[in-house]
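The listed protein sequences derive, respectively, from chains H and C.
Going by UniProt numbering, the residue at position 705 of the first sequence is 705; the numbering climbs one at a time, nothing skipped.
Going by UniProt numbering, the residue at position 191 of the second sequence is 191; the numbering climbs one at a time, nothing skipped.
Hints are not guaranteed to be accurate.
[Unchecked claim] Facing chain C, from chain H, some residues (calculated, C-beta under 7 Å):
#1 Glu325
#2 Val690
#3 Ser691
#4 Leu751
#5 Ser752
#6 Thr757
#7 Thr760
Just so you know, these hints were derived from the structure itself, not from any lab.
All C-beta atoms, glycine included, are put in the ideal place defined by N, C-alpha and C.
Protein chains: 2
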Amino acid sequence: MENSGFCNDNYTSETSDDDLVDLTGATCDFPEDVPYLDGDDSAGRSKGGQAQNGSVDVLDLLQGWGSGVGTYDDFNTIDWVREKSKDRDRHREISRKRRQSITALLLSVSDAFSGWLLMLLIGLMSGALAGGIDIAAHWLTDLKEGVCLNGFWFNHEHCCWNSKETTFQERHRCPQWKSWAELTVGVTEGASAYVVNYLMYVIWALLFSFLAVFLVRAFAPYACGSGIPEIKTILSGFIIRGYLGKWTLVIKTITLVLAVASGLSLGKEGPLVHVACCCGNIFCHLFTKYRKNEAKRREVLSAASAVGVSVAFGAPIGGVLFSLEEVSYYFPLKTLWRSFFAALVAAFTLRSINPFGNSRLVLFYVEFHTPWHLLELFPFVLLGIFGGLWGALFIRANIAWCRRRKATRLGRYPVLEVAVVSLATAVLAFPNDYTRMSGSELISELFNDCSLLDSSKLCDYGPLAKGGEPAGNLSEGTVGQAERPAGPGVYTAVWQLAMALLFKMAITVVTFGMKVPSGLFIPSMAVGAVAGRLLGIGMEQLAYYHHDWDMFHGWCSPGAHCITPGLYAMLGAAACLGGVTRMTVSLVVIMFELTGGLEYIVPLMAAVMTSKWVADALGREGIYEAHIRLNGYPFLEPKEEFVHKTLATDVMRPRRSDPPLSVVTQDGMTVEELEGLISDTSYSGFPVVVSPESHRLVGFVLRRDLVISIDNARRCQEGIVGVSRVIFTEHTPVEAQGAPPPLNLRAILDLSPLAITDHTPMEITVDIFRKLGLRQCLVTQNGRLLGIITKKDILKHMAQMANRDPDSILFN
Amino acid sequence: MENSGFCNDNYTSETSDDDLVDLTGATCDFPEDVPYLDGDDSAGRSKGGQAQNGSVDVLDLLQGWGSGVGTYDDFNTIDWVREKSKDRDRHREISRKRRQSITALLLSVSDAFSGWLLMLLIGLMSGALAGGIDIAAHWLTDLKEGVCLNGFWFNHEHCCWNSKETTFQERHRCPQWKSWAELTVGVTEGASAYVVNYLMYVIWALLFSFLAVFLVRAFAPYACGSGIPEIKTILSGFIIRGYLGKWTLVIKTITLVLAVASGLSLGKEGPLVHVACCCGNIFCHLFTKYRKNEAKRREVLSAASAVGVSVAFGAPIGGVLFSLEEVSYYFPLKTLWRSFFAALVAAFTLRSINPFGNSRLVLFYVEFHTPWHLLELFPFVLLGIFGGLWGALFIRANIAWCRRRKATRLGRYPVLEVAVVSLATAVLAFPNDYTRMSGSELISELFNDCSLLDSSKLCDYGPLAKGGEPAGNLSEGTVGQAERPAGPGVYTAVWQLAMALLFKMAITVVTFGMKVPSGLFIPSMAVGAVAGRLLGIGMEQLAYYHHDWDMFHGWCSPGAHCITPGLYAMLGAAACLGGVTRMTVSLVVIMFELTGGLEYIVPLMAAVMTSKWVADALGREGIYEAHIRLNGYPFLEPKEEFVHKTLATDVMRPRRSDPPLSVVTQDGMTVEELEGLISDTSYSGFPVVVSPESHRLVGFVLRRDLVISIDNARRCQEGIVGVSRVIFTEHTPVEAQGAPPPLNLRAILDLSPLAITDHTPMEITVDIFRKLGLRQCLVTQNGRLLGIITKKDILKHMAQMANRDPDSILFN
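Please build the complete structure, drawing on both the sequences and the hints.
So, in structure tokens, the structure goes:
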């Protein structure tokens, strides 16, 4: 695995976390409470009553966990069927013992509740981490602008919390908070103050981003990026050791704060999913049930990804649907319920930490009340089209850039790259108010509908602004509010927003995929929110100056408040996020949880649906799938249908020109022959047949299990030499006088490999692989074994049918 | 199918709707644009290039739709794999043609959008029907009490809409509305008026229920019950012709109104799911894509069931989750998105009809603001335990009663049964205010938290009541509201509620399962709401009289408003509904959509979770699963895990003592022999093998297809006689001189039957059946065909392992 492809570069996984089963130190003893492994179905059966022959000790020996049988190599695909079987065996064992003693009964109860406890822990920990990240990022972001005299650890808002100026506008200007210019050169206004502030802003930004990339490179290369593509792949049954380990968690949490504070065009929402999944994976180690079973662990990780979105947006239901729709592969209903629980715990933990200082759960709280008109669906759909176009273009541009990074020398200097992008971002962002503020602040401001006592430039409307201090009764809500002409502030804001839009669009393309934790939700939403707000202001002014036009007739009379620019911003944000990620239901539900009313669901659906259709027309893949493909992960997309009319025989190995299929016979090979077969080939498993002539399938044996078992037997079992016969039959035959004792490996034989016929259409084969989570499948013709299809073969075939390079699939 | 078991009785399906493909009139001609059928994979392949031999016309002939090949018998299970394959072939065909002409391109676009159009239609129609049902039921319910002089078609509320008495309390007393006593004997008060009203109430109730049961019996026996068990079964891949037909829709809509108006202890929510599914099924006939494909149609029906709940509760997201969690079997993400769309359309249609007259979407609008205290979780969990207990007991009692109805003479007089129960309900319900009102009114009243100017007895609290007309500032909300001592009204209400609780609990057991449309949501919620309200009032009075107790210390000081009895009612309702149906996430989300805030999600989850755990401990099945089992439907529960350690060889047929497996050889049998095999056996399909000796599997042929094909060939193909050889090979061999021409049936041969080994654990087999939606699966041993496992075999085996009667599974 020279090219692990993380964050699209060439470094190798150097960290190897503790979930790797150590093979080198495998001993011949084994634990007493060995869970029943797959393969040997006859040994543990209550029915049938086969005679237990002499080789039973060897079987037991081989089943020991210490031997590593039943585990997986790094960067390999798991076998869901086997994992689930293992878990059921474990469960049966516990149920069986339950009746025997009180201790076992208690163990069984604790086993049943361990899932819930795990969810509670994940929820608490993720909520706490998200709160901490919010608070720290807020503080560091403000540090770029100034410092609090009461204590440097206060952010701007907290610093002025107890300030005398209690009016809303003055709240953010308090004597305790000093900008860098004030602190160093002693002035608050003028060119020199501006230059000092500018300089400090750039320096801090550079420092933060350098620290972030340095920490990632030095301690946890897996901490970069958003993590969602890798989590999707892991959830689909891939092993990346250390990707969800404790070092990744620690470094990702710290560097996420730094990256967000550096002002780069990235968000913390995607990485929060990774952080939550790390928490999930780490807590899994507390429970044998989840530690030792890859399938069960993935159920927990599915729930953890729901937790991530839940804390990112304060939207528990949206988070669960996100996990279901976007991330998860195998999502049983039990997981749905548990995810929901974990997402809620996390949301409430976050709320009790109260990082936004407003007792609110949601990231962007919006409270619109103005109804929308059916004619407004037209601009809403326009926003959807914009979102779809931007999403598709962004994906293409970003993938092209990442490919370039991988292929050229650019990829070799990640620190320099981050420094340059960070410098450019800071230098270009500072002069514009809307790029200087953080992405989430920008979105909040754009979503705001100016009904409150707002000091923002965006709310600088004619009559309201003219009257100076707004009258008290206007603060009651939108009642009585009317369409107003834009004031000078709004015109300035429009120009600045337009510049901000272009800047954000360009810089996000190069930012996503760098060696720092970087989420895509906030930048995408920011682009959409800016575009939406601009359109909203345009519509509003149109309605004000041309309320006699036919299109406004009847619903937008003069003096009425009919257009809400904040709503346009929200729809734009949803449309762009939808275009980039291709989320649908979960996106709508997240937005619904933000607004808290069904009122705007129809516009939201219209925008999101249009966006998805437009984006899909330009390219089928969302950004996460595109990155998965870029990295060559073996991910079998559950959403996309296989449309070609090929058969299993077209995909299976060996091809017509290849050497014949390497098989193992059930009783005809010696240890030496097997070792030769293993060293000559690199297949990850071999079918076992009755005889080479009949090619009647008996079972399937994994290479890794075979290597470990032979190795173990040679070291620990007496009399096993190179010429010992290896047999896979139920009864060990009696060997001729003088011959070495045979080695019975039936224990590692999978007696229930799935076999399909050579005429099976590939669409059905792909379906079987997806739904059962297979790693390989055997192909037969009229009852004779003909070949084998692996997940990699399928992915290569799919790439070929889509005119892509089949060698882009790197892993098994 | 003598015993179709609908609504647990013995009548046969008399209606046979138009989706039955008529076999008797099958002609030898066939449509031109025949979609490609499964089985013959070589004919349509682009690659490979096999020579098309002389039998190609016969193949085409057999593929014709008119011949009925590829359809199913009534009360049979579909093959999901085959249906999905068929749809993909159809889709490929359209994609291929798209490039050829503009018409084809338009057809392809309309094909792509037909799903959305269908959803729109279902949403509109279901919303409209639900609105109509609401209005009609409301009117008929009020008709039991009196009539409007302005026009008999006005309900009580509409009648008094324009009345002079505008105060809240007087709103329902207007001169235009006359009670029956007023109208007939001219008095409004006193014993005689009471008797007349009582009598009229009972008469109307009897009339409505009689009409309902008469219509159901006479026109659409499938219209009875809630329909959810059958819909679950249908969605899992079962065929019940006419169950979702137009007659069922019409009759169910009418009788649902009558049943609800009759005052029986039933709700309209479950049947609304059936109504929505009927709409979905009927609209499917507009589009070939859905009409001709059982799998695609089930996707639509999944969405329709979401629509049903969406209109029932005004909870679109909850509806989608209900469909996902409770009803659906195969729920691809595309369906999730479409369901959501349909659910929204339906909800907005319903809102524009505005049946509740308050512009609100939801059935029970609640607006609590009082925070709850952590200590209150204890009574909340108590409610959960009550709900779980009641749920489990209700299921047992109801199933026992339904079994009794099936087994004894009771089942033979459904009309009498309905009349008796209806009479009992009316007679017992009238004297008690809380049973006289309809279930949803009762629940609304119990959910109410008395903060409004309420004239209800439940809000007759001491100080507030003593002051006569409440002060204006109290109407502002809960601010300033304090714990109050209960007034005499509350004491009366408590007694009446206690009686109502017992009555509802008893009568619901005998009502659910009668020959009228009957939903279980409202009665379950009503029981829970009564119990919850009682507990809430108890807690409230405890807090008032003992606010110095330790448990109230610190959060419930005198003068504070700390207990909300309405919240208790809501939690009780959720707990009871959860106990009966075992819904979890969807129930919480539905309740969340009712209350519209995250505030009460934790109590809700606590109550629902406790309820589910308690109920599961007493019996694993929810009411719908219990009814499915009662009726012997072949439903493979997707939630329940198979825990036993049996192997495929223990389940497959033939058993050791049985005659050997009936197989067809690929080229060794004559037409006569095949016909003999068909008439001697009743299997629904036969494996095709190379030769009887080798037992090497070639494919699988369905009995129905075989019968139809041989019949067709005998009638239409020249030279086919009894001694003609039937061959399934690719190339038709040359027959000896003088021998009749062979009949090549490779077209109907499924060349890709799934085969598992005899050592495959049943847990994996069950998983494969569930996930792939199989109808049967072949079992091999070392490459030799050994037997066959059908879905029915699996269900019988599961019943046996659970110590139930395996013969309770009636259908294939």
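Structure-based check of each hint:
Given hint, H:Glu325 at the interface with chain C, holds; its Cβ is 6 Å from that chain's nearest Cβ, closer than 7 Å. The criterion of a C-beta within 7 Å of any C-beta in chain C is met by H:Val690, whose closest approach is roughly 5 Å, and the hint holds. About 10 Å separates the beta-carbon of H:Ser691 from the nearest beta-carbon of chain C, more than 7 Å, and the hint is not met. Satisfaction of the interface hint for H:Leu751 is found here, the shortest Cβ-Cβ separation to chain C being roughly 4 Å, below the 7 Å cut-off.
Taken as an interface hint, H:Ser752 checks out: its beta carbon lies about 4 Å from the nearest beta carbon of chain C, inside 7 Å. For H:Thr757, the suggested interface contact is upheld, since its CB lies about 5 Å from the closest CB of chain C, less than 7 Å. Because the closest C-beta pair between H:Thr760 and chain C is about 4 Å apart, less than 7 Å, the hint holds.
The structure shown violates just one earlier hint, number 3.
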